[in-house]
Amino acid sequence: MSNISKKDIQHIAKLARIELIDKEEEKFQKDLSSILDFVEKLNKVNTDNVDRLSQVTGLENIVREDKVNSKEKYELLKQVPNKKGKYIKVPKILE
Amino acid sequence: MKTFKDIHKSLMKKEFTCTQLVQEYLNKVKKSKLNDFLLITDKLALEQAKKVDDKIARKQKIGELEGIPIAIKDNMLVKDFICTAGSKILENYVSPYDAFVIKKLKDAGAIIIGKTNLDEFAMGSSTENSAYGVVKNPIDVSRVPGGSSGGSAAAVAADHCLAALGSDTGGSIRQPAAFCGVVGFKPSYGAVSRYGLIAMASSLDQIGCFANNVQDTRLVFNIIKGKDKMDSTTLDLKEIKTPKKIIIGVPKQYFADGINFNVKEEIEKTIKKFKDFGYEIKEIDLPYTEYALAVYYIIMPAEVSANLARYDGIKYGFSAKNKNLLENYLKTRAKGFGDETRRRIILGTYVLSAGYRDAYYAKAQKVRNLIKQDFEKAFKEVDIILTPTTPTPAFKIGEKQDPLSMYLADIYTAPASLAGLPAISLPIKVKNDLPIGLQLIGPQFKDDLVFNIAEIYEQL
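Chains as they are written, first to last, in this note's numbering: chain F, 1 to 95; chain L, 1 to 460.
Quick caveat, the hints were computed from the structure, so don't treat them as lab data. One or more hints might be untrue.
[To be verified] DSS-like mimics (lysine-lysine), calculated; alpha carbons at most 27 Å apart, straight line:
no.: 1; chain 1: F; residue 1: Lys44; chain 2: L; residue 2: Lys229
no.: 2; chain 1: F; residue 1: Lys83; chain 2: L; residue 2: Lys315
no.: 3; chain 1: L; residue 1: Lys245; chain 2: F; residue 2: Lys41
no.: 4; chain 1: L; residue 1: Lys264; chain 2: F; residue 2: Lys73
no.: 5; chain 1: L; residue 1: Lys252; chain 2: F; residue 2: Lys78
no.: 6; chain 1: L; residue 1: Lys245; chain 2: L; residue 2: Lys229
no.: 7; chain 1: F; residue 1: Lys7; chain 2: L; residue 2: Lys264
no.: 8; chain 1: F; residue 1: Lys83; chain 2: L; residue 2: Lys245
no.: 9; chain 1: F; residue 1: Lys86; chain 2: L; residue 2: Lys79
no.: 10; chain 1: L; residue 1: Lys88; chain 2: F; residue 2: Lys30
no.: 11; chain 1: F; residue 1: Lys30; chain 2: L; residue 2: Lys335
no.: 12; chain 1: L; residue 1: Lys245; chain 2: F; residue 2: Lys67
no.: 13; chain 1: F; residue 1: Lys89; chain 2: L; residue 2: Lys43
no.: 14; chain 1: L; residue 1: Lys366; chain 2: F; residue 2: Lys78
no.: 15; chain 1: F; residue 1: Lys83; chain 2: L; residue 2: Lys229
no.: 16; chain 1: L; residue 1: Lys377; chain 2: F; residue 2: Lys44
no.: 17; chain 1: F; residue 1: Lys27; chain 2: F; residue 2: Lys41
no.: 18; chain 1: L; residue 1: Lys264; chain 2: F; residue 2: Lys71
[Unchecked claim] Partial pick of chain F residues on the chain L-facing surface, computed with a CB cut under 8 Å:
no.: 19; residue: Arg17
no.: 20; residue: Glu25
no.: 21; residue: Val50
no.: 22; residue: Gln55
no.: 23; residue: Thr57
no.: 24; residue: Val68
no.: 25; residue: Tyr87
no.: 26; residue: Leu94
All C-beta atoms, glycine included, are put in the ideal place defined by N, C-alpha and C.
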């Protein structure tokens, strides 16, 4: 399972939107392989008829009113690295 | 070391003013050589101190936490102050609001003196992953303070504050508490709101606290706990009754290969002490313990990869400012994140990717269920579970080079995190040697029981 190739690393890093330089691909390939070898032991556990656990509190359908705090909006806009007026500026994606 | 009660009495008797007290702590923090603080919030601290002094001058009553200098792990938002999460990507990020726990502390009159150093985004067991340099253990400066809340633990141990907040995802409060010889408490998942905590792995993250003794730790917890509509996983804990006859469970799996001889010996001595005082000790079996770390290192990075997708160089934080959108993402995240953060994002992306999701992520969620059931079965027989907090005392800075050996530092703390249980690390002070951590794990939502038994331990 943990035969992770350099190409896999390249592909996954791109999906994760992280640029890697050549030497790093090798380093991450080695690190990930050893971590994946370690977690391999889970295959020894019989999990037939075991439900997946995605939360521990048992709380369900907790909702609140979807209200915007306008003061906070202003505070949040102050953090934007590139903006025009009250708009966030993003690089062009269509030519 | 002074307790909250000592300080409270001195303030009321006017032996010193709150401003004098806070100034003394601020001076100590400024002179610190441990790199435990990233930011000193002196203006806020002195303003808060003045309010306390004014109240005392008006002969008003002050609360138990009022005037107490507290430090905050730098992944919780304190309005108008920079919050880095130990990362370069947030080096200029200014908190737009107060975290729920910060609001609670401010309302209680606690004095926030600064923000403490941590592993980047709380990912690590030594603080060596901080973009702002490693924290030194005050007991031996050649050693790590543990992590990821290493700055908070070191600050309490060095008396740079009387208590500190931390966050614990797989052991990030308990392990540094053990390494620095202080008390560190991770509440039940759901007991404390994470509103304003920078997310790491959301099904595991929990805010907790450090202090020098159990009572002070409990006082902080009692202030910060409670339901919050801004964190839908929170609830109010019900009052519990402590059983008259306490049975302490000791799981054999926590004493297997890899445990340091001194740790084993000291924990066994403590078990004997409990026995001598008439508490029943029962050996218990938690057969899925050995899989906990493997489950943790799938679920945690999976959640990390999703949570950290928000750092895109567009909405806030560091931006590579490239004119091409994809290049902007790739370069912002390559330069903004450190090695361990990128390693976990890539690992998490891999275990969630098409074709691997069931083999890794779904499998881990199933084994997580078995680990939770292990504890539920055990708590039918015993009231509390006693284990070492870590397999070894604090290790040397630079000692653990490969990521996997670092991950093993969480081996005794990850299981309670996966099951959402309350757990505390209590210091065993060893003469002329490094401190050792004793962990008590309680049943879900019985956080008070953990404190009650921790108080018994302190008096043994």
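In ascending order, which of the hints set out earlier in this document are inconsistent with the structure?
-> Violated: hints 1, 3, 4, 5, 6, 7, 8, 12, 13, 14, 15, 18, 20, 24, 25, 26.
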